[in-house]
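**Student:** Dock chain B against the given chain A, drawing on the hints supplied.
Chains as they are written, first to last, in our numbering: chain A, 998 to 1298; chain B, 194 to 497.
Don't read these hints as lab results, they were simulated from the structure.
Please note that the accuracy of each hint is not assured.
Computed list of chain B residues with no C-beta within reach of chain A, every gap over 10 Å [to be verified]: (1) Arg264; (2) Asp267; (3) Val349; (4) Gly354; (5) Pro414; (6) Arg490.
Example chain B residues on the side facing chain A (calculated, C-beta under 8 Å, incomplete) [to be verified]: (7) Ala313; (8) Val327; (9) Leu332; (10) Val440.
Only a predicted model underlies this, so the values are computations on that prediction, with no experimental measurement involved.
Think of the CB as a built atom: it goes at the ideal place given N, C-alpha and C, for glycine as much as any other residue.
Listed below are the residues making up each chain.
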Amino acid sequence: MTATTTTPQRRDGSPARDASARPPAGRRRLNGVAGRISLHVLLTVLGLAVMIPFLWMVTSSLKLDSQVFTVPIRWIPEEFHWDNYTRIWSRIPLVTYLKNSLFLSVVITALQVLTGSFAAYGFAKVRFPGRDALFVAYVATIAVPWQAYMVPQYIIMEKAGLVNTHLSLILLQAFGAFGVFLMRQYYLTIPDELCEAARVDGLSEYGIWARVVLPLSKPALASLALLTFVNTWNDYMGPFIYLTSNDLWTVQIGLRSFVGVYDAEYAMIMTGSVLSVLPILTVFLIGQRYFVQGIATSGLK
Amino acid sequence: MVSTTASAASTPRARRLRRRNTLAGWSFILPNFIGFAALTLVPVVASLALAFMKWNSYSTPEWVGLDNFRRLVDSENFWTALRNTTYYAVGHVPLTLVAALGFAVLLNRKLRGVRFFRTALFFPYITSLVAVAVVWNMLFSPDAGPVNQFLRAVGVDSPPGWTTSTTWAMPALIIASVWRDMGYYMVLYLAGLQTIPGELYEAARMDGASAWQRFWHITLPSLRPTTFFVLIMLTISSFKVFDLVQVMTEGGPGRSTLVLSQLIFREGIEQGRFGYSSAIAMVLFVVVLLITVVQFRLQQRSER
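In isolation and in its complexed conformation, chain A is listed as follows (with noise of 0.2 Å):
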């Protein structure tokens, strides 16, 4: 869709339309260029406007409380304070934090792809009666919202004695239908030809997944595992349900957490919440591609 497109192709066969139609190259070029000038100034200004808020943090993190609020609003600090950066580690139990974090969410992450990708190929390749009503109930359990059921979950977690454990959320967050969605999805898009293939050649079920079908989704996996670390890592409502020990707390929780106490520190606020986004802006920007990828094939299909 290239509205500013210099040099349309041209069709032959209808010149007189053409030309009636169309006003000169020479004022075209120009409504072009100036067209592409005026896109280039909306977009910017707009692209900052969206960006306030991101600036907001990083330069409020970095002055002192009582400079955070003033009239008018200093963008740029008057002296940097990158003591904050240093200090905060010694306010909050940072480190615990982020460990627990990177604890769930790497080990969410796994078990999801690895659960995700497997049932997909039983859903996807092997064909045996009421799979297909099995996979109507995993989709259909993705439209019902979890608060719907968050209740019953906690009630079998306090059953089984696991509230407050890091467990309860990795059996809850591990298992979850979209994984499995997503990468049916991806295999439907494999042909089948290739599985006869390898079935013919006399490797097993286990062995077309291993050696067929797993590394032709290595796109798939990607954008799995991405949403799947996102997600876990910015989950707040599952740890403030589930985790009532400051040990086993994560980022985000440990961070609303000095919000609620301590809510005039407004600079080491503002330094703790660029702590907590800076791993999942570089998980974004190395991954952004799956990132993508993932939602329009998870959302479009």
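**Tutor:** Only chain B this time, still in chain A's reference frame:
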């Protein structure tokens, strides 16, 4: 895929094959299914049953029919939460949709720096909610917050108190949530835009259609499946909203931003009223389901 035709299904060999396939299929699904069944499927079914039971953390479950729903109808908290949730959805859904579509159309072209803009717009979506909520709370700070400083600068004499005001707390939440979510739906729209054949625009341009006409008569109709999907996703996620509200306003000031999910959490997990909270959850689910069905019908009608 092993093909079994209908006529072959009865031969012993085909039956054996089918049994083998069933075993193989289930063995793939089982590792995930055990966790899924125990912690998603069973709770989903249980919450349906719980809604008709009286059960507190210290009592035994007892079948009470529609009692929970009768209590719900009389509960002021419930109606407030339902109203607030609807308010949030009515603001969040159209604004996010328009912003997402607008940015997608703007960014769906070959232009220097377009990738950077896409990244910048998408980033809020994967930023942790706590950080988002905390930053917006500060931006909305009534006295020296940047938002109100800007409003004063453009001539608004007494800008709203945002999260400190019962009337403005919800708009503040909606603004923050639109900012956060639009990048995600923009990606969906960008994917949708890629599927529109360029020849359509070329032909329209030859016929002298203006940019606006091209958008209105080609882009929008071609994006209908995407819009339908985005609408459903947005509606469901609006009715489920929890984190942002919990961190930004905790449902306050007063009950002005109390939403259904918070009420379920408070009644079910904090107070241990399992039955009653499940009844609220059921209402939430039915509302979401109804809206989805209505949207589905509308979509089908418009396609005919």
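**Student:** Please go over all the hints and tell whether each is borne out by the structure.
**Tutor:** Now for the hints, and whether the structure bears them out:
1. With a cut of 10 Å on Cβ distances, Arg264(B) stays outside the contact zone with chain A, its closest approach being about 16 Å.
2. Remark: the non-interface label on Asp267(B) is consistent with the geometry, its nearest Cβ contact in chain A lying 21 Å away (cut-off 10 Å).
3. Non-interface call for Val349(B) relative to chain A: holds, since the shortest CB-CB distance, roughly 15 Å, exceeds 10 Å.
4. The beta carbon of Gly354(B) sits about 15 Å from the closest Cβ of chain A, which is more than 10 Å, so the claim that it is off the interface holds.
5. With a closest Cβ-Cβ approach of about 14 Å to chain A, Pro414(B) is found to remain outside the 10 Å limit, as its non-interface label requires.
6. No Cβ of chain A comes within 10 Å of the Cβ of Arg490(B); the nearest lies about 16 Å off, and the non-interface call holds.
7. Of the supplied interface hints, the one on Ala313(B) holds, with its beta-carbon coming within about 5 Å of a beta-carbon of chain A, less than 8 Å.
8. At its closest, the beta carbon of Val327(B) sits 6 Å from a beta carbon of chain A; the interface hint therefore holds under the 8 Å criterion.
9. Restraint check, Leu332(B) versus chain A: the minimum CB separation of about 6 Å is within 8 Å; hint holds.
10. Taking 8 Å as the C-beta contact cut-off toward chain A, the hint placing Val440(B) at the interface holds, the least distance being around 6 Å.
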